[in-house]
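Residue numbers (our numbering), protein chains in the order written: chain Y, 1 to 735; chain W, 1 to 735.
Since the hints were made in silico from the structure, they are not lab data. Computed from a predicted model, the values in this text were never measured in an experiment. One or more hints might be untrue.
Identical chains blur together in the list; that is why a pair holds if it fits in one copy or across any two.
[As the list claims (entries may be wrong)] Below, a list of computed lysine-lysine pairs in the DSS-like style, where the Cα atoms sit at most 25 angstroms apart:
{"no.": "1", "residue 1": "363", "residue 2": "115"}
{"no.": "2", "residue 1": "38", "residue 2": "370"}
{"no.": "3", "residue 1": "395", "residue 2": "562"}
{"no.": "4", "residue 1": "82", "residue 2": "691"}
{"no.": "5", "residue 1": "172", "residue 2": "559"}
{"no.": "6", "residue 1": "130", "residue 2": "72"}
{"no.": "7", "residue 1": "237", "residue 2": "536"}
{"no.": "8", "residue 1": "55", "residue 2": "104"}
There are 2 protein chains.
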Amino acid sequence: MKVKHLFFLILLFLPFINIQANQHPGLFLTSKGVRDIKASLGKYPQFDKSYNDLKAIADQALSEKMEVPVPKDGGGGYTHEKHKNNYYQMNAAGTMYQLTGNEKYAQFVKDMLMKYAQMYPTLGLHPLVKSEVRGKLFWQTLNDAVWLVHTANAYDCVYNFIDEKDRTFIEKNLFYPMVEFITNGNPSNYATFNKMHNHGTWSTSAVGMIGYAMGNKEMVAKALYGSNKDGKSGFIKQLDVLFSPDGYFTEGPYYQRYSIWPFMTFAQVIQNQQPELNIFQYRDGILQKSVNSVLQCAYNGEFFFLNDALLKTYDTQEIVYAVDIAYKNNPADKQLLDIARQQGSFIVSDEGLATAKAVYQEKIQPFDFKSILLHDGSKGDEGGIGILRTGTENKQTCLTFKGTSHGLSHGHYDKLSIVLYDNGNTILPDYGAVRFLNIEPKSGGNYTKENSTWGMQTIAHNTVTVDNRSDFNGEFKVSGKYHSDINYFESKNPQVQVISGEERNAYPGVVLNRTTALITAKGFEYPVTLDLFKVKSDSVHQLDLPFYYYGQMVMTDIKYQKNTKELKTLGSNNGYQHLWLEATGKTNKSNASFTWVNGNRFYSITTIANENTQFMMTRIGAGDPDFNLRNDPCFMIRQPNVSNHTFVSVIEPHGLYDLSREVTTNFDTNIASVELIRDDESYSVVKLETKNNQSFLFITVNRDFGDSKDRKVLINGKSISFIGNYYFSAYNKLK
Amino acid sequence: MKVKHLFFLILLFLPFINIQANQHPGLFLTSKGVRDIKASLGKYPQFDKSYNDLKAIADQALSEKMEVPVPKDGGGGYTHEKHKNNYYQMNAAGTMYQLTGNEKYAQFVKDMLMKYAQMYPTLGLHPLVKSEVRGKLFWQTLNDAVWLVHTANAYDCVYNFIDEKDRTFIEKNLFYPMVEFITNGNPSNYATFNKMHNHGTWSTSAVGMIGYAMGNKEMVAKALYGSNKDGKSGFIKQLDVLFSPDGYFTEGPYYQRYSIWPFMTFAQVIQNQQPELNIFQYRDGILQKSVNSVLQCAYNGEFFFLNDALLKTYDTQEIVYAVDIAYKNNPADKQLLDIARQQGSFIVSDEGLATAKAVYQEKIQPFDFKSILLHDGSKGDEGGIGILRTGTENKQTCLTFKGTSHGLSHGHYDKLSIVLYDNGNTILPDYGAVRFLNIEPKSGGNYTKENSTWGMQTIAHNTVTVDNRSDFNGEFKVSGKYHSDINYFESKNPQVQVISGEERNAYPGVVLNRTTALITAKGFEYPVTLDLFKVKSDSVHQLDLPFYYYGQMVMTDIKYQKNTKELKTLGSNNGYQHLWLEATGKTNKSNASFTWVNGNRFYSITTIANENTQFMMTRIGAGDPDFNLRNDPCFMIRQPNVSNHTFVSVIEPHGLYDLSREVTTNFDTNIASVELIRDDESYSVVKLETKNNQSFLFITVNRDFGDSKDRKVLINGKSISFIGNYYFSAYNKLK
């Protein structure tokens, strides 16, 4: 906070940007970096490999016919991929010019820039109308900005090689008009440039980087402080607004991963060009926190699917950039080296070299994937995402609990949803986005229409849907105003970790309250998840709680009828039109269990039921005319006609299924019974009994939260005292 | 052949079996082996690991409460898994007694055998009625035999430790009655013991091994030469009948993998006990050939799905046994060491030690996964399976073509079906078996009913189904009489490899003829498959040619309507009741293409169409009340009302889809056109044109096959001459 205030003082009294101009390279790669890299070659095999990989890209570029086609195609199409490849090639060749001194690389960059400079003034908006923010080189301005981030770096590398006349030609015909376009052209671009959104970060970084490269203070000022240079928008404001104090990025990990690239790259450029801004210390080191928090949002190297998300691992180049730059600027963080070692590749730059060197010379600390609550909101007061973990490395059990704000335009309508990972596999998934990135025949590589009609809808997630509708009726403007609250988050005791959250606005007159515990206890082979989803209302509703699962159904004690000759959809809108109803069932017992197998382990959900409870087995894939959806199965619990209801479910991994050795153990659930023995405004109390004769009591506080408060709960006439928000114990101790 | 005749002479004149009795251990582990293993510990880390793994099993066994429960459960159930685990534990403890000299291990084996001996006389048939061949310890006698194979080895190891009185008790109450049961008890057991089937091999091996262990010549004679000791059945006859001269096992690779275990284990025991039988040289070394041929039936370490099959890799213990024993008995075969190295584990025995030592000391030759035709039938004249491969290691393209006999009770009704692997992935799969091995709630771990109604049916495979029926009307007794024929198999030219086969009996009055080529040619990024499926008949039929694919549909130029609100089945029997009809389409062009993405590569099928061709996109999963089926998609071509028709399709891998680096290239097929320019009794001629301006001509001979025959084909008034069965060339060369 202190740093922040100081910084704004400096800003107000310093209208001029102090740029280290005429120093080339000096944008991302520095002269010192060039010397160090040359001297280090042959010492760090993985760095050498990255160097050789980059050189191979540059050499390949020089061997090909140079093409700068008139823009035409969408993501994955020819011109799209060509322009993308061109900036990678320029970046590689520019870097290789600096590192080898061979002018053929510089000549390549210059020739290509000249071609772009010749073509650019002739371009109108991109012919493909797929986005409100159409670009010129690409179908959306975003990609034009990405192009410029990479090209600015290439330009800096060959700046001194190009004579002044050609530089002027390039700047006048390409970079100036491109900056004008990104900041003002196409009315929406102005808004995007000044927007608090990952697209805004790419825009400001692009403009700032080419501004530094050309020594243009005006551009840099706009990049840092917004179009009006008043600090109300721009890169610095993005650092204030887009991250919570914990470093959580409000759009979710998929876009945090994507925007971390310009955030860290541009920050490094600022550090090189204006070290007095101390950008990496800004807001208590928010960029460092951001890198760490995005890494925490991964299981087995794969980022969580939260909001719009596709499969991404932390081996991607953007995370290589993030980790190397973060380490260079905070070499005390030895855990980053663990990630860098796993990535096995490095930026060919000062930062990559520093990180590679440390991986070889320093003591690497294992990255601590831990239980953590990442608060959302620029002030950290807009709910958050809770991550509960137990066990080690890739065999961890990991549960995520979403109680955040909406997450801007990429947010999904799933308040209080959970996702479960175990044994290296995804057990209860989040569908993620419906998109085939860069596959042009699939909606031009953009989100398909099913992303709105399915991916974003509440029913697509492991949380309660009320009355067949989505949270906030699926209205972005309404959802954007609210956030869930985290009631409490407890991870001190690794045996019993609990998160509880509440959502009061998703449905008028309905309060949703979910408490989920990850419990390691005698009698269970693996950690079990105890999940209480409490719905309170004055009026009557239908509640659906789906559990999407990966794997093959094994058995259930529910009496069900499967539709074997004809399938119909579960509903007609709000995502229900995308679900085939495969089977329906009831039970006459007070518990129902459903078992499936995933990897070499069995999983059972045991849930409390009554005579009104309806069970449904559904499968995604209806209402999908273009084959855009996956066909994941789901076990869904429906409670019709209730005003107050609490779903209580235990998700239990058990047994072993080893097809190779042909060994099976414990295919059946170990839960003998689940009982909700008290459930009111103050407390919910669950009793669990196992088939191997263990019994447990779990109590959660439902209001007046506080981890040092004294509690006294009356159960069956006996009083239980505890301090804090929850209680868990073997039940026989009560007797 | 020479060895075989000689052997039978010996047999006829030698009514007595010459057993190396009183030598314990001497069955599988030998005294020399024990000395060698002791001396080698610490020298070969992977062998040490296998030793320690086995010791851990033995130590774990000793630390547990010993349980020999009354049999009750099916596969995967408690008593089933317990009895299975018991034989593994006895085997481990017996071996460890020999290798450590510590009597606690021997005591364990003895105690457990005593328990079995006490219980066995009290047992009736297993209470679960799931098999015609019910066992006593297990639900099927097969597993009783497997139990005895392992236990015989354990008994041999502790033979001298147990005093004679207890040995007599064990033999009298357990082994003798068990042998009696396996050979005669439960009327079906006699048939199985004398059957040419993998169950027969387990039975003869079990009886033979315990016979050798107890020094009982009668048992050994029956095991080797059948119940009547006349050589008309028994282990030796199985070697004659179950393998083709190439070593192909008629049930297919899944059961070859399973039966190779008793085949090789019992053979090693025979070698140790009666070296004069030269068992590993029998029938020109059929056992060695069998090991090599089963290894050839794998892609990326996974065995082909042919007939009843589940996923199995060659890391399984049975293949470890096969490879180690094969290597010990033929140390010239250095390619086996490549597999052993990949397996990374060894039998703790003479054979395992010899192999481990060689892996460390000898020059390993890469196992040559090559194009090969494995003939079926004991004389090698009942068709076969063709395997075409190109490229290296795990990126090979591999096509399998099934033209075999039925494959006994585990055979499927899919004559002339193909499967395609590429880029490390399965592209066009074979469904395999519908079974959840060892998962008791799933039909007791046995085949589910959908295995017959779906898995075995013709429509479940990538081949033509005529008139909505299955080959041979799905009648095993009929299908078992016939086999397809391989017309020709050409793999000399790695650029153009071709297999052609014919089936004349699957449908009365219909001849099926398929010719499939794997072609590497200029203009294509990767090898393409050219597939001609020619159907000839005097009457009119409906023909369905499905291509099951793994991956996500990307695009098609077919005009199709997808069923988005309701799904119905494609038919009501012969497997059609298990297919949901997702979409139907037509084209008004002469070619239709269908593209999907799998892994990081795109795949297109381009097929010749006319105005009558119907296209269907289906998905497995209908008619499945118990959630037993997967939900794989399929692209199906239907030609109604034809008497003579040739399906011509090109299956083309293309482009790159790298989601991590966000790079896409060539998502569209490169095929501009496919034309069938001549198609008659003698020749079929296909012309291919690519979008990058290549054109090719492919000719296959349809009769009078012969690879040195001169051919002259008239095409568009021009004559093409070639020698052999096929012709492939760039088309412009013709002009």
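With 25 angstroms as the alpha-carbon cut-off, assign the pair residue 363 and residue 115 to within, between, both or neither.
neither (48 angstroms within a copy, 56 angstroms between copies)
Using 25 angstroms as the alpha carbon limit, work out where residue 395 and residue 562 are close: within a copy, between copies, both or neither.
neither (35 angstroms within a copy, 41 angstroms between copies)
Checking residue 55 and residue 104: alpha-carbon separation at most 25 angstroms within a copy, between copies, both or neither?
Classified as within: same-chain Cα gap 12 angstroms, cross-chain 64 angstroms, threshold 25 angstroms.
First find the shortest C-alpha distance between residue 130 and residue 72 inside one copy, then the shortest across copies, and answer within, between, both or neither for a cut-off of 25 angstroms.
Within one copy, since 12 angstroms is at most 25 angstroms while 64 angstroms is not.
Homomeric proximity label, residue 172 with residue 559: Cα distance no greater than 25 angstroms:
Neither, since 74 angstroms and 49 angstroms both go past 25 angstroms.
Between copies, within a copy, both or neither: which fits residue 237 and residue 536 at Cα up to 25 angstroms?
Classified as neither: same-chain Cα gap 39 angstroms, cross-chain 74 angstroms, threshold 25 angstroms.
For residue 82 and residue 691, with the copy left unspecified, which applies at a CA distance of at most 25 angstroms: within, between, both, or neither?
Between copies only: 19 angstroms across, 62 angstroms inside.
Please work out whether the CA atoms of residue 38 and residue 370 approach to 25 angstroms or closer within one copy, between two copies, in both situations, or in neither?
neither (39 angstroms within a copy, 46 angstroms between copies)
Violated hints, in rising order: 1, 2, 3, 5 and 7; the structure is consistent with all others.
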